[in-house]
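Build out the structure end to end from the sequences listed, making use of the hints.
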Amino acid sequence: MLNIFQSLEISHYIYLSCVLFCIGLFGVLFRRNAIILLMCIELMLNAVNLLFAAFSEYMGDKDANGQMFVFFIMVVAAAEAAVGLAILVMVYRNTRKTDVSFLDSLKD
Amino acid sequence: MNSIGLILGLPLAGFLINGIFGKNLPKSIVGWLGTFTVLASFVIALGVFNDLRHAAIPSEGLHFKLFTFLNIENFNVDFSFTLDRLSVMMTLIITGIGSLIHLYSIAYMHEDEGFYKFFAYLNFFIFNMLMLVLGANFLMLFFGWEGVGLCSYLLIGFWYKNAEYGKAARKAFIMNRIGDLGLLMGLFLIFHQYQSLDYSIVLPKMADGSTSQAMLTAISMCLFVGAMGKSAQIPLYTWLPDAMAGPTPVSALIHAATMVTAGVYLVVRCEALFYLSPITNNVILWVGLATSLMAALIGLKQNDIKKVLAYSTVSQLGLMFVALGCGAYTAAMFHLATHAFFKALLFLGSGSVIHAMHHEQDIRQMGGLKSKMPITYITFLIGTLAITGFPFLSGFFSKDEILLAAFDHNKIVYVLSVISATITGLYMFRMFFVTFHGTYRNHHHSFDKVHESPWQMSLPLMILAVLSVLGGLLNLPSYLGHNVSMKLSHWLAPILPMAESHAEMSHNTEFMLVGLVVLLFVLVVLYTRNKYVSKNAVPEEDALTPSTGKVLANKFYVDELYDMVFVKPLELLSSLVDNMIDSKLIGGLIAGVSTLLLAISGLNKKIQNGNIEYYLTFMVLALALFLGFNLFF
Numbered sequence: 001m002l003n004i005f006q007s008l009e010i011s012h013y014i015y016l017s018c019v020l021f022c023i024g025l026f027g028v029l030f031r032r033n034a035i036i037l038l039m040c041i042e043l044m045l046n047a048v049n050l051l052f053a054a055f056s057e058y059m060g061d062k063d064a065n066g067q068m069f070v071f072f073i074m075v076v077a078a079a080e081a082a083v084g085l086a087i088l089v090m091v092y093r094n095t096r097k098t099d100v101s102f103l104d105s106l107k108d
Numbered sequence: 001m002n003s004i005g006l007i008l009g010l011p012l013a014g015f016l017i018n019g020i021f022g023k024n025l026p027k028s029i030v031g032w033l034g035t036f037t038v039l040a041s042f043v044i045a046l047g048v049f050n051d052l053r054h055a056a057i058p059s060e061g062l063h064f065k066l067f068t069f070l071n072i073e074n075f076n077v078d079f080s081f082t083l084d085r086l087s088v089m090m091t092l093i094i095t096g097i098g099s100l101i102h103l104y105s106i107a108y109m110h111e112d113e114g115f116y117k118f119f120a121y122l123n124f125f126i127f128n129m130l131m132l133v134l135g136a137n138f139l140m141l142f143f144g145w146e147g148v149g150l151c152s153y154l155l156i157g158f159w160y161k162n163a164e165y166g167k168a169a170r171k172a173f174i175m176n177r178i179g180d181l182g183l184l185m186g187l188f189l190i191f192h193q194y195q196s197l198d199y200s201i202v203l204p205k206m207a208d209g210s211t212s213q214a215m216l217t218a219i220s221m222c223l224f225v226g227a228m229g230k231s232a233q234i235p236l237y238t239w240l241p242d243a244m245a246g247p248t249p250v251s252a253l254i255h256a257a258t259m260v261t262a263g264v265y266l267v268v269r270c271e272a273l274f275y276l277s278p279i280t281n282n283v284i285l286w287v288g289l290a291t292s293l294m295a296a297l298i299g300l301k302q303n304d305i306k307k308v309l310a311y312s313t314v315s316q317l318g319l320m321f322v323a324l325g326c327g328a329y330t331a332a333m334f335h336l337a338t339h340a341f342f343k344a345l346l347f348l349g350s351g352s353v354i355h356a357m358h359h360e361q362d363i364r365q366m367g368g369l370k371s372k373m374p375i376t377y378i379t380f381l382i383g384t385l386a387i388t389g390f391p392f393l394s395g396f397f398s399k400d401e402i403l404l405a406a407f408d409h410n411k412i413v414y415v416l417s418v419i420s421a422t423i424t425g426l427y428m429f430r431m432f433f434v435t436f437h438g439t440y441r442n443h444h445h446s447f448d449k450v451h452e453s454p455w456q457m458s459l460p461l462m463i464l465a466v467l468s469v470l471g472g473l474l475n476l477p478s479y480l481g482h483n484v485s486m487k488l489s490h491w492l493a494p495i496l497p498m499a500e501s502h503a504e505m506s507h508n509t510e511f512m513l514v515g516l517v518v519l520l521f522v523l524v525v526l527y528t529r530n531k532y533v534s535k536n537a538v539p540e541e542d543a544l545t546p547s548t549g550k551v552l553a554n555k556f557y558v559d560e561l562y563d564m565v566f567v568k569p570l571e572l573l574s575s576l577v578d579n580m581i582d583s584k585l586i587g588g589l590i591a592g593v594s595t596l597l598l599a600i601s602g603l604n605k606k607i608q609n610g611n612i613e614y615y616l617t618f619m620v621l622a623l624a625l626f627l628g629f630n631l632f633f
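Going line by line, the protein sequences match chains A and B. The letter at position 60 of the first sequence is residue 60 when you use my numbering, and the numbering goes up by one with no holes. The letter at position 105 of the second sequence is residue 105 when you use my numbering, and the numbering goes up by one with no holes.
Think of the hints as simulated: they come from the structure by calculation, not from any bench. Careful: at least some of the hints might be erroneous.
[What the hints assert, rightly or not] In silico negatives: residues of chain A with every beta carbon more than 12 Å from chain B:
| no. | residue |
| --- | --- |
| 1 | Ala34 |
| 2 | Leu37 |
| 3 | Ala47 |
| 4 | Gly60 |
| 5 | Gln67 |
| 6 | Val75 |
| 7 | Ala82 |
| 8 | Ala86 |
| 9 | Met90 |
| 10 | Tyr92 |
| 11 | Phe102 |
[Unchecked claim] A short, non-exhaustive set of chain A residues, derived as facing chain B with CB atoms under 8 Å:
| no. | residue |
| --- | --- |
| 12 | Leu16 |
| 13 | Ile23 |
| 14 | Leu25 |
| 15 | Val28 |
| 16 | Val100 |
| 17 | Ser101 |
Where is the CB? At the ideal position from N, CA and C, for every residue including glycine.
Structure (structure tokens):
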């Protein structure tokens, strides 16, 4: 049977994953809205997930350990998003802002 | 042997008891304790004096070694004392006059809150002065020398709450330090030359002619610098008039009768040394003469009763040094003794006046006191007559002896000494008549309040007056008959082996010279009496003083000169160092270090700006760097 995954070179997955990761990374670095920040982090995590799945398939991973790992990451990402959003809600309640560049009281 | 320990120990015990417990003791106990310890020393010294009169070897004295003070290789100094004919004479003067002045102070200081401190200091002074004259080596002398300097400082600044008095005390201390340095150098030279500081070893070695002339001159000059400081000779005399800031008994005891004569004692003690250094002798002679004349001239225009006496003291000390310079050591010691009597009397008399006038010291504010203070008046008159050389009083004989020695030595010195002695008469009678005769001139205190002093003050005055009258008996001139005359010369002769016996001049010459002095004395009394009693003149106000008088009233501007030559350049230099080196260089260095640190940390601080994206950027960059490094190298 024609494996749809086999019809594409692994390099395509790697390029896609890199692009996604860089979008996420630059989003984290240069956006200021905390919600977008969280979304960008999810993007980076998912870029990694994609890479895990692709390598698992192409490298002949019989037990599909790489794909199993993706689920773990998803769980952790969900937990992280929950905690992050909770913090964000508290920050918003206190400052009426979601702009992280104002959260610089650590410097003093 | 133990008598020396007692003579020294009693004043020391008085000092310790009064100093430690005096605050809690009643004033009467403090005062009488101080007085009796010194009086007891005097009585013991009298006993020793009697023993010494019958001693088999007249040049020998008592020795008392307390312990070995220093013993380092060949440097061996004992803590030991010697009591010979010279030091017993000094001891009698110190303890005798000292106990009278202690008695006087009981009344004079009775209202002072530092009463116990005053007596502790006085006793400590007596102890140090005794150590100075009783020490058996130069180091002991040096201890005493420094000790009396300390006591002098403490007592001049006794009323330290007055800033001026504190300044006077510091001035005295610093001026004395200059002299002390000279003394110390002299001691170093002596030790370098003889490997010892004991009188009994050093003095014979000096006399035996084995030492080079240059060395002898160097040692004697150094010692004389020390004597200059203590005995207030040019150029180190300016502290003594300022020392009058202290309480009057202090002026009488320390700055007239005893401490300031330490220089004379030093020279007499080292008679062998000074006798063999003609250059130093000449320096002593001319310095003494210049001091005597200059101080006498300044004394003419002073209006503070104690300042007049202070300059008179400087002038009389100058005369003593003239005698030393002429080689007339006995005459100097004789004048030292009589001067101690009448100058202590005059100072205590002035203290009595000041006490009665409620601490007014300006003679222009006095006048006509003789009716109110008969005892003070009569004793002060005796003191004045004694110092000015009224025939047959103590000063007459002692001063004549100096003048005769000067006549024998050098006619110019004689003439200048006679001028100085005559000026003594002018300023003393001026002060005497202005204070006690004429009309009362003070408008702040009514004349009725002026009162005679209590017996503790008048008794010492009377005793000292008797001594001032009879002091001449110590050393009557030879023309009065051989049985009664020259007692002191005979007494001191064994101690002064080198001093030449005076070339006997004919009695006719002596009578002529004495007659001249008496004539001058009579003229001086007539002149001053005419001016200040008959015409009732009062010294003019400072602003009205004519220009020559102004120079005298301002003490020849010597203080100003010293200020300009020494103090101002030093201040300039130190302010320069302060402004340039201290604040710019050292301060700049230290401030630079902190500024540099601040700048570096300022750079670092910018990284820590609290902005989370900024941190993240750095994190990512660093990660990329590490990964890239892994990848390509």
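task = Quick one: which hint numbers does this structure break? Sort them smallest to largest.
result = 1, 2, 11, 12 and 13
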